[in-house]
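Taken in order, these protein sequences are the chains called G and V.
Numbering follows the numbering used here, in which position 4 of the first sequence is assigned residue number 5; successive positions increment by one, without gaps.
Numbering follows the numbering used here, in which position 74 of the second sequence is assigned residue number 964; successive positions increment by one, without gaps.
Rather than coming from a laboratory, the hints here were simulated on the basis of the structure.
Note that CB positions come from ideal geometry on N, CA and C, so glycine has one too.
Everything hinted at is true.
Selected chain V positions facing chain G (Cβ under 10 Å, derived; list incomplete): (1) 902; (2) 905; (3) 911; (4) 913; (5) 923; (6) 1044; (7) 1049.
Restricting the straight-line Cα-Cα distance to at most 25 Å, the calculated cross-link-like pairs of lysine to any residue (SDA-like) are: (8) V:1049 with G:31; (9) V:894 with G:57; (10) V:1043 with G:82; (11) V:1043 with V:978; (12) V:894 with G:106; (13) V:1049 with G:132; (14) G:226 with G:6; (15) V:1043 with G:137; (16) V:894 with G:51; (17) V:920 with G:34; (18) V:895 with G:106; (19) V:895 with G:56; (20) V:920 with G:37; (21) V:926 with V:915; (22) V:920 with G:100; (23) V:1005 with G:82.
Take a look at the letters that make up each chain.
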Amino acid sequence: MKTLLIKILAYLGAVIFLMGALLSFSAHFESLSWTMRIIWTLGAGLIFYYLAFLSWILEPLFLISAILFFLGLEIIFSYLGFDSSRLFIQGIISGALFLNYGLMFILLRRNIFMSLMIIGGSYFLITLGNGWFSSFFNTYTQQIFPVYLMLILGFLYCLLGFVFYKTTCEILTPALYLFGGGLFLAAVSILEQCYDGHQLLWDFILLGSVFLGFIFSFLPRVKSKIVLTWSTIFLVINIYILTLTYLHNLAWSWILMGLGIVLILAGYFYWVLIKKMSSKI
Amino acid sequence: MSLKKYRLAFVLISPFILFLIIFFIALILKNNAQLKYSFLWSVSDFQAYCEIKKCPLRDHFFIQDNQLKKTQVPSMSQENLYFYDVAQHQSTAMSFEKAQHLKFLNALNAPQGFKLIYALPFDRPPFPFNFDPELTYGSSMFMKPSFPVALEKNHWQLKIYDQHLSVQTTGTLGASENLKLLGWVAA
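Please model the complete structure; the sequences and the hints are all you need to start from.
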């Protein structure tokens, strides 16, 4: 418990420090020379990086150093005349950081490096998807491509959580299921709204994704209350979406009554499932 | 040294390796976009709205047989010529009379992949701290802030015109129809 509290305080401190430092950096950016900008980012990043090796309590400093490295590498590109906000440049930097932290995880087997690798890899995937892969599709698909990326990332996070079962990285699984489950189910709901032309197919996909969530949460390797909670939330949301879709149907009143019963049943089954799961864990 | 010490040593120097790799990638991209020739470019300044057939006749410039030519077409915009001198690293306004004596490279010898764009000011905080909605999306197409003109290749940008031109097109940043790279001048 004490260890957890120390870790929470350390990470909270790191995030608050980073917010202050970045606000100060962006406010004074124009008055700084290029050398000072590099020292403020890459130099400070290096200091935090080496300090983080001193004790496990200082581990959150890796997070600060990773963000400072990212900003510093952007400044190197800007200094050489590139527009660092372009997806291409963002992709190069995030890809390099992904490989760097991946290599460090292989060498030292510390979970912080796996977390940074996942963050770097996710951003790399987003830049690659939006900047390059989306160009293979039509204009409309390009516009909604971020939703597809949500779907892919959600799936990958859940897959990683599944793979990390009983490994040194198992501690990361709740966070992966939290983001993965949420992203995947939210993406399916948004996609249904984007493709309302193929309604019946998407109605099945909507409900299917929720049932997939329920099944996944009960897999022996998973047993995740987080995915179960997400599935229940999205069952309610998706039923609401479907009800709105068929708003002008004559059977609306019957659907409303049905919806009420389904909600009561969903709540009841959620309670039963949670109880069952708690007794198993 | 034991394997563990080698691993630790590598981890300790890995940020420097990362910085060097990124620096060399940036250098390679920049060198690939190295500018060797001077060039003539034009910007169309919006004058006034008019029905396209009733618009006054204005100069329209183009390259034919490696020479600058002009024709007159009804247009809402006035096209102005600029010459970018690669030796002096600056653009200067140029009259048609002077520009028509320039000898241009033919399409086969001309450098490829360059385009003229309206760029954001170069000296600004890195992403994501550089987003300024007022700068990127002005309140109306005629009240947009002005942007420097840059030549771009491989995402590397060379600022070619410091005195900001007013962007009076419906687009925001990036490539614009009122910027034209007319031709590369033979050395």
